[in-house]
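All chains, full assembly: derive it from the sequences and hints.
Protein chains: 2
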Amino acid sequence: MNKLWNIAIVGAAGTVGAELVSILEERDFPVGTLQLFASAGSVDETLGFRGEDLDVLELSEDCFAGIDLVFFTSDIEDSRSLCPSAVAAGAVCIDCSGTWRMDPEVPLVVPEVNPGDIAQYRNRGIIANPGSSTVQLVLPLKALDDFSPVQRVVVSTYQAVSDSGAGAIEELRKQVGELLNGRPIESHTYPHQIGFNCLPHIDVFLDDGYTREETNLVDETRKILGNSEMKITATAVRVPVFYGNGESINVETAAKITPEKARELFASFPGLKVVDEPGGNLYPLPVETAGTDLVSVGRIRQDLSIGSGLNLWTAADNVRKGTATNAVQIAELLIAQYL
Amino acid sequence: MNKLWNIAIVGAAGTVGAELVSILEERDFPVGTLQLFASAGSVDETLGFRGEDLDVLELSEDCFAGIDLVFFTSDIEDSRSLCPSAVAAGAVCIDCSGTWRMDPEVPLVVPEVNPGDIAQYRNRGIIANPGSSTVQLVLPLKALDDFSPVQRVVVSTYQAVSDSGAGAIEELRKQVGELLNGRPIESHTYPHQIGFNCLPHIDVFLDDGYTREETNLVDETRKILGNSEMKITATAVRVPVFYGNGESINVETAAKITPEKARELFASFPGLKVVDEPGGNLYPLPVETAGTDLVSVGRIRQDLSIGSGLNLWTAADNVRKGTATNAVQIAELLIAQYL
Numbered sequence: 001m002n003k004l005w006n007i008a009i010v011g012a013a014g015t016v017g018a019e020l021v022s023i024l025e026e027r028d029f030p031v032g033t034l035q036l037f038a039s040a041g042s043v044d045e046t047l048g049f050r051g052e053d054l055d056v057l058e059l060s061e062d063c064f065a066g067i068d069l070v071f072f073t074s075d076i077e078d079s080r081s082l083c084p085s086a087v088a089a090g091a092v093c094i095d096c097s098g099t100w101r102m103d104p105e106v107p108l109v110v111p112e113v114n115p116g117d118i119a120q121y122r123n124r125g126i127i128a129n130p131g132s133s134t135v136q137l138v139l140p141l142k143a144l145d146d147f148s149p150v151q152r153v154v155v156s157t158y159q160a161v162s163d164s165g166a167g168a169i170e171e172l173r174k175q176v177g178e179l180l181n182g183r184p185i186e187s188h189t190y191p192h193q194i195g196f197n198c199l200p201h202i203d204v205f206l207d208d209g210y211t212r213e214e215t216n217l218v219d220e221t222r223k224i225l226g227n228s229e230m231k232i233t234a235t236a237v238r239v240p241v242f243y244g245n246g247e248s249i250n251v252e253t254a255a256k257i258t259p260e261k262a263r264e265l266f267a268s269f270p271g272l273k274v275v276d277e278p279g280g281n282l283y284p285l286p287v288e289t290a291g292t293d294l295v296s297v298g299r300i301r302q303d304l305s306i307g308s309g310l311n312l313w314t315a316a317d318n319v320r321k322g323t324a325t326n327a328v329q330i331a332e333l334l335i336a337q338y339l
Numbered sequence: 001m002n003k004l005w006n007i008a009i010v011g012a013a014g015t016v017g018a019e020l021v022s023i024l025e026e027r028d029f030p031v032g033t034l035q036l037f038a039s040a041g042s043v044d045e046t047l048g049f050r051g052e053d054l055d056v057l058e059l060s061e062d063c064f065a066g067i068d069l070v071f072f073t074s075d076i077e078d079s080r081s082l083c084p085s086a087v088a089a090g091a092v093c094i095d096c097s098g099t100w101r102m103d104p105e106v107p108l109v110v111p112e113v114n115p116g117d118i119a120q121y122r123n124r125g126i127i128a129n130p131g132s133s134t135v136q137l138v139l140p141l142k143a144l145d146d147f148s149p150v151q152r153v154v155v156s157t158y159q160a161v162s163d164s165g166a167g168a169i170e171e172l173r174k175q176v177g178e179l180l181n182g183r184p185i186e187s188h189t190y191p192h193q194i195g196f197n198c199l200p201h202i203d204v205f206l207d208d209g210y211t212r213e214e215t216n217l218v219d220e221t222r223k224i225l226g227n228s229e230m231k232i233t234a235t236a237v238r239v240p241v242f243y244g245n246g247e248s249i250n251v252e253t254a255a256k257i258t259p260e261k262a263r264e265l266f267a268s269f270p271g272l273k274v275v276d277e278p279g280g281n282l283y284p285l286p287v288e289t290a291g292t293d294l295v296s297v298g299r300i301r302q303d304l305s306i307g308s309g310l311n312l313w314t315a316a317d318n319v320r321k322g323t324a325t326n327a328v329q330i331a332e333l334l335i336a337q338y339l
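In order, the protein sequence lines correspond to chains A and B. Residue 1 is where the first sequence starts when you use the numbering used here, and the numbers rise one by one after that. Residue 1 is where the second sequence starts when you use the numbering used here, and the numbers rise one by one after that.
Hints were generated in silico from the structure; no laboratory data involved. Hints may be right or wrong, so weigh each one.
As the list makes no split between identical chains, a pair holds if one copy fits it or if it spans any two.
What the hints assert, rightly or not - List time: in silico DMTMM-like cross-link candidates among lysine to aspartate or glutamate, alpha-carbon distance up to 25 Å:
{"hint": "1", "residue 1": "Lys174", "residue 2": "Glu288"}
{"hint": "2", "residue 1": "Lys231", "residue 2": "Asp207"}
{"hint": "3", "residue 1": "Lys174", "residue 2": "Glu186"}
{"hint": "4", "residue 1": "Lys273", "residue 2": "Asp293"}
{"hint": "5", "residue 1": "Lys174", "residue 2": "Glu61"}
{"hint": "6", "residue 1": "Lys261", "residue 2": "Glu277"}
{"hint": "7", "residue 1": "Lys273", "residue 2": "Asp103"}
{"hint": "8", "residue 1": "Lys273", "residue 2": "Asp55"}
Right, here's the structure in full:
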């Protein structure tokens with residue numbers, strides 16, 4: 001009989017926490033016990049798992065006893081002290097919070113792209129899950145890079161509000177209703193109206209004028225692709241979409257890759273789905289990726305402005321493949337090959 | 001006393017037609033008579049102008065008699081036969097329909113960028129108004145190009161539904177209402193759901209995989225900037241916004257331009273407004289440009305991936321500065337300098 005694993009999810013009351021519970025069930029993860037934790041303010045909830053209602057319990061110092069694997073969700077802003085406590089109690093942490101992504105001792109993993117990096121979990125007992133916009137970018141880049149090295153990337157994102165959690169989903173829903181009825185709106189999660197608007201502002205601004213989201217996208221992509229000098233620049237924009245991120249990607253490669261060849265490379269790369277039949281109005285759509293675990297890639301065109309470039313448009317479910325599914329895939333690899 | 005001009009608007013029942021009437025009044029254009037025309041199906045409308053209700057009349061062969069200036073709106077799909085009829089009757093045509101933009105005999109004009117090209121109206125009696133995404137792009141590019149030649153541009157657009165006319169505005173409004181209430185939606189203007197979604201599809205697809213919108217953006221930008229070899233590539237995306245287009249622009253120039261210098265160049269360029277104080281959450285927002293006549297430019301950052309590049313984010317009212325205001329500005333220049 002296969003070993004079963006005792007799992008904890010920290011930040012279980014949020015959007016990603018609920019999705020992690022669903023995905024563990026869907027993928028038939030060998031769960032022994034599943035314990036759900038949240039900070040004191042968010043514990044009056046239950047989540048269904050394999051026909052049982054599990055209570056979300058309050059986080060405490062000793063809640064990691066007997067746990068093998070802990071998922072920290074992106075709703076936990078700082079896992080700086082929590083992860084080491086869990087590791088000290090004997091668990092391995094898969095952290096979606098952003099805290100550990102650029103720590104040189106912590107591997108940052110997209111299983112289809114750099115599975116071997118998982119071995120570095122031994123350094124600190126922690127594996128970091130990238131941001132959703134990074135996961136969506138590195139899959140097509142890796143498929144091309146394996147064929148001809150990527151020289152430069154210019155990416156513009158179209159990011160859904162679910163990246164910002166349940167409060168943002170409610171804010172968009174409410175604003176749109178008020179605006180359609182000509183009533184005044186309130187903004188709490190975002191500094192400006194998101195309903196029927198685009199905000200070129202995700203996470204905080206840094207000194208060089210980039211947002212942390214844009215800088216993370218650049219730094220995380222370089223780390224995952226193992227190329228610290230990769231030329232890449234990003235503009236990250238929030239759009240009034242509930243689920244599903246879009247990315248407009250311009251990529252220059254060392255050798256010319258035709259759209260036909262690129263389609264072939266993407267079609268044979270795990271985690272990618274080619275949706276590229278303009279004649280039939282088929283191209284990646286954020287709403288159609290909701291609930292799926294693949295990154296859709298389409299609008300594959302030769303960039304006519306340079307000798308060896310391509311334009312791509314991708315879409316993915318930011319909460320699933322962008323975050324929760326990727327984290328569970330990391331756990332699957334970890335238990336299969338390392339624990 | 002200044003001369004007054006007899007004006008006609010063809011396609012007056014549409015979004016741009018109504019905006020043209022408002023802008024002629026706002027800018028105190030020296031109008032003698034104003035006549036409004038539409039195709040037979042759309043004539044049961046009136047539009048207010050200087051306190052009078054003007055009927056929208058049915059287009060006919062002889063409706064251009066005595067007219068000095070005709071605006072053809074973007075709601076007229078093909079002005080191929082209409083413009084020559086108006087010119088034969090003695091009028092000059094300002095065409096927003098897209099029919100004449102790339103005709104080498106017809107000037108394509110953004111008054112702040114290439115005002116001198118208006119003189120070529122004499123060739124055919126027609127001046128073409130660019131597409132809204134082009135107007136928004138060429139203003140900041142020209143400001144930079146005057147200082148150091150633009151070498152390459154990668155642009156991704158975030159375009160409002162009002163670009164597609166009144167039917168599209170109603171489609172977004174209706175879909176959003178149905179979706180919030182969990183009811184099924186219908187799509188007519190667009191091939192897929194636009195509510196809470198992004199469509200990487202504007203206008204028809206061409207053989208090379210680009211849309212006509214993307215190709216127009218490239219070709220029109222080259223023509224207006226007078227550089228037929230300019231390296232520029234585009235991805236055009238429809239977003240669920242009513243009014244106001246956004247553009248994420250990556251631009252490489254011959255010499256390095258710092259963000260400070262770029263801000264200075266933009267601030268002194270007519271038609272542009274610098275909105276770039278990230279610390280105060282100030283950056284261009286599509287909804288804030290609604291009803292304005294300037295292109296807002298912000299998020300001005302050095303592109304760290306190349307030696308001399310910048311990233312910009314712009315927003316503009318696609319129906320006003322993107323279309324109707326630009327057309328009236330062309331008319332103002334024409335009567336001031338040429339007629």
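So, going through the hints one by one against the coordinates:
Within a single copy, Lys174 and Glu288 get their C-alpha atoms as close as 23 Å, and across copies as close as 20 Å, so both meet the 25 Å cut-off. Taking the shortest alpha-carbon separations for Lys231 and Asp207, only the intra-copy value of 20 Å comes in at or below 25 Å, while the best inter-copy value is 31 Å. Taking the shortest Cα distances, Lys174 and Glu186 sit within 25 Å of each other both inside one copy (9 Å) and across copies (22 Å). Taking identical chains as interchangeable, the C-alpha atoms of Lys273 and Asp293 lie at most 25 Å apart only when both belong to the same chain, with a minimum of 10 Å there against 42 Å between chains.
Taking CA atoms no more than 25 Å apart as the test, Lys174 paired with Glu61 passes in neither setting, with 37 Å inside one copy and 51 Å between copies. Taking CA atoms no more than 25 Å apart as the test, Lys261 paired with Glu277 passes inside one copy only; the shortest distance there is 15 Å, against 43 Å between copies. Taking CA atoms no more than 25 Å apart as the test, Lys273 paired with Asp103 passes in neither setting, with 31 Å inside one copy and 40 Å between copies. For the homomeric pair Lys273 and Asp55, neither the shortest alpha-carbon distance inside one copy (37 Å) nor that between copies (53 Å) is at most 25 Å.
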